[in-house]
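Trainee: In case you want the letters, here they are:
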Amino acid sequence: MNKHLISAADLSKDDALLILDTAEELARVSERSIKKLPTLRGRTVVNLFFEDSTRTRISFEAAAKRLSADVINFSAKGSSVSKGESLKDTALTLEAMGADAVVMRHGASGAPYRLANWIRGSVVNAGDGTHEHPTQALLDAFTMRRHLKNLEGRKITIVGDVLHSRVARSNVLLLSTLGADVTLVAPPTLLPVSVGTWPCDVSYDLDAVLPKSDVIMMLRVQKERMNAAYFPSEREYSRRYGLDRDRFAKLPDDAIVMHPGPMNRGMEIAAEVADSARSTIVEQVANGVTTRMAVLYLLLGGEI
Amino acid sequence: MIIKNVRILGGEAADIRIEDGVIAEIGQDLTGPQEIDGRGAIALPGLVDLHTHLREPGREDAETVLTGTQSAAKGGYTAVHAMANTMPVADTAGVVEQIWRLGQEHGYCDVQPVGAVTVGLEGRQLAELGAMADSAARVRVFSDDGKCVDDAVLMRRALEYVKAFDGVVAQHAQEPKLTKDAQMNEGVVSGRLGLAGWPAVAEEAIIARDCLLAAHVGSRLHVCHVSTAGSVEIIRWAKGKGWNVTAEVTPHHLLLTDELVEESPVGSYNPIYKVNPPLRTSADVEALRAALADGTIDIVATDHAPHPVEDKETEWAAAAMGMIGLETALSVVQEAMVDTGLLDWAGVAERMSAAPARIGRLSGHGRPLEVGAPANIVLYDPTARTEIKPDMFASKSRNTPYEGISLPGKVVATFLRGKATVLEGKLA
Amino acid sequence: MSENSSSRAVLEGPDIHRALTRIAHEILERTKGASDVILLGIPTRGATLAHRIGERLEQVEDVKVPVGSLDITMYRDDLRTKPARALGHTELPADGIDDKLIVLVDDVLFSGRTIRAALDALNDLGRPRAVQLAVLVDRGHRELPIRADYVGKNLPTAKSEKVKVFLAETDGRDAVELIK
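Going line by line, the protein sequences match chains A, B and C.
Per our numbering, the first sequence starts with residue 572, numbered consecutively.
Per our numbering, the second sequence starts with residue 11, numbered consecutively.
Per our numbering, the third sequence starts with residue -14, numbered consecutively.
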């Protein structure tokens, strides 16, 4: 494994499988009464969050604490960062605190690469702008593996705002590494112009893709895209690309429905689909802690 | 003063006698009281930059007229055009005269101010172009560089108005709505990196419109920092029509590509590569080189854009756009154009000295190295090689994209009207 | 036996078979019929040995003793000497380990540090009535106050030597070799 986990492209197939297998073992820890391991005692993990994301932060926090690491939560709001301190100065502060790993959420694509230049510890990307969110892809792959066993040759359909989605970027890279067949479905305005060079297929027609999908992953549509003419109206988007009950019925019987959250119920996904037995949305949250434990263990558990 | 054994435009070795700031004699075995050994060097006419940001007044933390002209001299330049996006903006006769005078006082390099097209670069109302043209600075080049004059009516008026004093509008071609929040060239790399794309069409659409406007009103148009293969095609078409359009390319667009944003000797997403217009693809680089070689693109202009360290040591989106380039321009042109066989040294002299002086209407610069011409001369050793380190520059800023890269050639000496501004590679 | 001239077989297949049978008998004797015993093997080879002992117990006395595995990687005290290791498998009986008699099974007892880690791991999993230790080979050189309750063979070794255990399930053959 690389020292940092910034892009899903950093992971070889062996790396990815090692993380997923490790997570599978660690999942048992979450089931027992003492949900703690001594492994990262004396290691310091900093959660450096420049964007509000309580879900992701507490997931990483729980993962680090279950491994007995010391956790420092550094939220940019209300700190010197909001008073104009540069990312570099923040990095130097963390370095002085002796951070062994920095889990970073930032609004600017590539910010974790910059941070990695200025600190000695590992950098774990917890979402950077519209670039990547590799631990989300890992927890998604973990969830898929639990339902589908092997991902080799499985048909994974990812629907929504691919252009601005760090979840989609990381999932396409990781799932193709793991041998799955990924199809992206979106209005053309929400796909990068270069999407043809990505290791996946592209379709504008959700209904045509549904019957062949083992997994359908719905992406969140951000409110600000709705006002920027990427599509005419919420209603039209929902009609063409939303996963409603009729579309849900077109999926194979054992297909699962995923969503990285938070959801816009009634927009990209109907409430009854989100709450159905084949929806893994709640499970994904639980699997997040386990998967992040595996990442932190593999980055920090040995010599560093 | 005699410059001995120097190869003019890379030709046979000769001696040059300089008297009273003018080339007095060119021949063999000339002798005199003060001799400079030019063995191994070639002589080119002093370089002229049509696109320099000197930052003074307003951002003296990044560059001043003094440090910028020292940087220019070290790069072999004897004249630079100082862009108007200072604070205050160079949109009045008072500001342009001040900048022009600072250049004269320091004496390293002539500073020819560029006047703003619109008041405050705001794109609403024409600046007093005539007053700037009539001032001591004798402004002939007008540009809102950094911003595009995107209003078609305003652009038409500017093109028409400058005809009265033989001016030229140098357009920064960037359709603003297509490039809102844009971070890098829109393409394969931007898609992977999740950086908002800067499409080629945003440049090409403005260039096409401006060519048509210039033809319609019969005026001169100069296109700043052309960066795409499509732009080259449009300019080639306009020139084929006989329209009065000239264009420039920067050294960095002749050498660097957007792939450096993803992977480079200085890491991923390093804003040292963030520049406007953005670095494009290798296909664009090839088209730009071919266009410079065949004359579709007339000149090389540096777009020397100094920024303090803190404006680049940030995350990509927060960083300032621009690169310094005066001190590496000739080396980069050698690497991209001469060593590849696309241009000879006479071609370099045309594109880095004669043509920019013509476009800027500078009569004292860009003249062939002949008896009677002002002694604006650069001596350049094309056999040297230098590994670029940011602290080697006279510029106040360090934002070079060539750190860690080895480039050919070295400016040995620069003469401004016979006075050495650089000797043995150091400021004189 | 081995291609390596400096290695010497100290136990052959039949010896291992006899040693495990003897351990099974001792467990039955000492635990009065092994009614509340759980065998927990430490992966990889300890887990294999635990299964073999479990089979012996069933053959000898017809008792079905729960067999599981206990991975101790996350509790090791030498994690930081190497890059992070892949985890072994932990498999506990569905009823848990509370109030049971745990017999830990490992292939070689050396410094005792693995067993120390195993005791810590057990502590996080529940509260057994008692914990005992069965090993195929005890090679000495303890660094902690730990001893085995059941030993297949006591093997005097120099600290510089290595003891390697081969088991048919993972290695294709049964043998214990001493490598100088």
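One thing to keep in mind: the hints can contain errors.
As the list claims (entries may be wrong) - Derived DSBU-like pairs: lysine-lysine, alpha-carbon spacing no greater than 35 Å straight-line:
{"no.": "1", "chain 1": "C", "residue 1": "Lys49", "chain 2": "A", "residue 2": "Lys574"}
{"no.": "2", "chain 1": "C", "residue 1": "Lys149", "chain 2": "A", "residue 2": "Lys574"}
{"no.": "3", "chain 1": "A", "residue 1": "Lys794", "chain 2": "B", "residue 2": "Lys406"}
{"no.": "4", "chain 1": "A", "residue 1": "Lys659", "chain 2": "B", "residue 2": "Lys173"}
{"no.": "5", "chain 1": "C", "residue 1": "Lys67", "chain 2": "A", "residue 2": "Lys584"}
{"no.": "6", "chain 1": "B", "residue 1": "Lys173", "chain 2": "B", "residue 2": "Lys399"}
{"no.": "7", "chain 1": "A", "residue 1": "Lys659", "chain 2": "C", "residue 2": "Lys85"}
{"no.": "8", "chain 1": "C", "residue 1": "Lys165", "chain 2": "A", "residue 2": "Lys606"}
{"no.": "9", "chain 1": "A", "residue 1": "Lys636", "chain 2": "C", "residue 2": "Lys49"}
{"no.": "10", "chain 1": "B", "residue 1": "Lys187", "chain 2": "B", "residue 2": "Lys249"}
{"no.": "11", "chain 1": "B", "residue 1": "Lys249", "chain 2": "B", "residue 2": "Lys190"}
{"no.": "12", "chain 1": "A", "residue 1": "Lys584", "chain 2": "C", "residue 2": "Lys147"}
{"no.": "13", "chain 1": "A", "residue 1": "Lys607", "chain 2": "C", "residue 2": "Lys49"}
{"no.": "14", "chain 1": "A", "residue 1": "Lys607", "chain 2": "C", "residue 2": "Lys165"}
{"no.": "15", "chain 1": "C", "residue 1": "Lys85", "chain 2": "A", "residue 2": "Lys574"}
{"no.": "16", "chain 1": "A", "residue 1": "Lys659", "chain 2": "B", "residue 2": "Lys14"}
{"no.": "17", "chain 1": "A", "residue 1": "Lys720", "chain 2": "C", "residue 2": "Lys147"}
{"no.": "18", "chain 1": "A", "residue 1": "Lys726", "chain 2": "A", "residue 2": "Lys794"}
{"no.": "19", "chain 1": "C", "residue 1": "Lys49", "chain 2": "C", "residue 2": "Lys144"}
{"no.": "20", "chain 1": "C", "residue 1": "Lys85", "chain 2": "A", "residue 2": "Lys606"}
{"no.": "21", "chain 1": "B", "residue 1": "Lys251", "chain 2": "B", "residue 2": "Lys187"}
{"no.": "22", "chain 1": "B", "residue 1": "Lys14", "chain 2": "B", "residue 2": "Lys399"}
{"no.": "23", "chain 1": "A", "residue 1": "Lys584", "chain 2": "C", "residue 2": "Lys149"}
{"no.": "24", "chain 1": "A", "residue 1": "Lys607", "chain 2": "C", "residue 2": "Lys147"}
{"no.": "25", "chain 1": "A", "residue 1": "Lys574", "chain 2": "A", "residue 2": "Lys636"}
What the hints assert, rightly or not - Restraint ranges, calculated between C-beta atoms of paired labels, are given here:
{"no.": "26", "chain 1": "C", "residue 1": "Lys17", "chain 2": "A", "residue 2": "Pro823", "range": "33 to 39 Å"}
{"no.": "27", "chain 1": "B", "residue 1": "Met97", "chain 2": "A", "residue 2": "Glu854", "range": "54 to 60 Å"}
{"no.": "28", "chain 1": "C", "residue 1": "Lys67", "chain 2": "A", "residue 2": "Lys720", "range": "48 to 54 Å"}
{"no.": "29", "chain 1": "A", "residue 1": "Pro823", "chain 2": "B", "residue 2": "Pro275", "range": "45 to 51 Å"}
{"no.": "30", "chain 1": "B", "residue 1": "Leu433", "chain 2": "C", "residue 2": "Arg65", "range": "54 to 60 Å"}
Don't read these hints as lab results, they were simulated from the structure.
Glycine residues also receive a C-beta, built at the ideal position from the N, C-alpha and C atoms.
Trainee: Next step is simple, just say for each hint if it's right about the structure.
Mentor: Cross-check of the supplied hints:
no.: 1; hint: C:Lys49 to A:Lys574; in the structure: violated (47 Å)
no.: 2; hint: C:Lys149 to A:Lys574; in the structure: holds (33 Å)
no.: 3; hint: A:Lys794 to B:Lys406; in the structure: violated (44 Å)
no.: 4; hint: A:Lys659 to B:Lys173; in the structure: violated (50 Å)
no.: 5; hint: C:Lys67 to A:Lys584; in the structure: holds (22 Å)
no.: 6; hint: B:Lys173 to B:Lys399; in the structure: violated (44 Å)
no.: 7; hint: A:Lys659 to C:Lys85; in the structure: violated (56 Å)
no.: 8; hint: C:Lys165 to A:Lys606; in the structure: violated (42 Å)
no.: 9; hint: A:Lys636 to C:Lys49; in the structure: violated (39 Å)
no.: 10; hint: B:Lys187 to B:Lys249; in the structure: holds (28 Å)
no.: 11; hint: B:Lys249 to B:Lys190; in the structure: holds (30 Å)
no.: 12; hint: A:Lys584 to C:Lys147; in the structure: holds (34 Å)
no.: 13; hint: A:Lys607 to C:Lys49; in the structure: holds (32 Å)
no.: 14; hint: A:Lys607 to C:Lys165; in the structure: violated (40 Å)
no.: 15; hint: C:Lys85 to A:Lys574; in the structure: violated (42 Å)
no.: 16; hint: A:Lys659 to B:Lys14; in the structure: violated (51 Å)
no.: 17; hint: A:Lys720 to C:Lys147; in the structure: violated (39 Å)
no.: 18; hint: A:Lys726 to A:Lys794; in the structure: holds (29 Å)
no.: 19; hint: C:Lys49 to C:Lys144; in the structure: violated (39 Å)
no.: 20; hint: C:Lys85 to A:Lys606; in the structure: holds (21 Å)
no.: 21; hint: B:Lys251 to B:Lys187; in the structure: holds (29 Å)
no.: 22; hint: B:Lys14 to B:Lys399; in the structure: holds (31 Å)
no.: 23; hint: A:Lys584 to C:Lys149; in the structure: holds (31 Å)
no.: 24; hint: A:Lys607 to C:Lys147; in the structure: holds (34 Å)
no.: 25; hint: A:Lys574 to A:Lys636; in the structure: holds (21 Å)
no.: 26; hint: C:Lys17 to A:Pro823: 33 to 39 Å; in the structure: violated (56 Å)
no.: 27; hint: B:Met97 to A:Glu854: 54 to 60 Å; in the structure: holds (56 Å)
no.: 28; hint: C:Lys67 to A:Lys720: 48 to 54 Å; in the structure: violated (31 Å)
no.: 29; hint: A:Pro823 to B:Pro275: 45 to 51 Å; in the structure: holds (49 Å)
no.: 30; hint: B:Leu433 to C:Arg65: 54 to 60 Å; in the structure: holds (59 Å)
In the structure shown, a violation is registered for the earlier hints numbered 1, 3, 4, 6, 7, 8, 9, 14, 15, 16, 17, 19, 26, 28, in ascending order.
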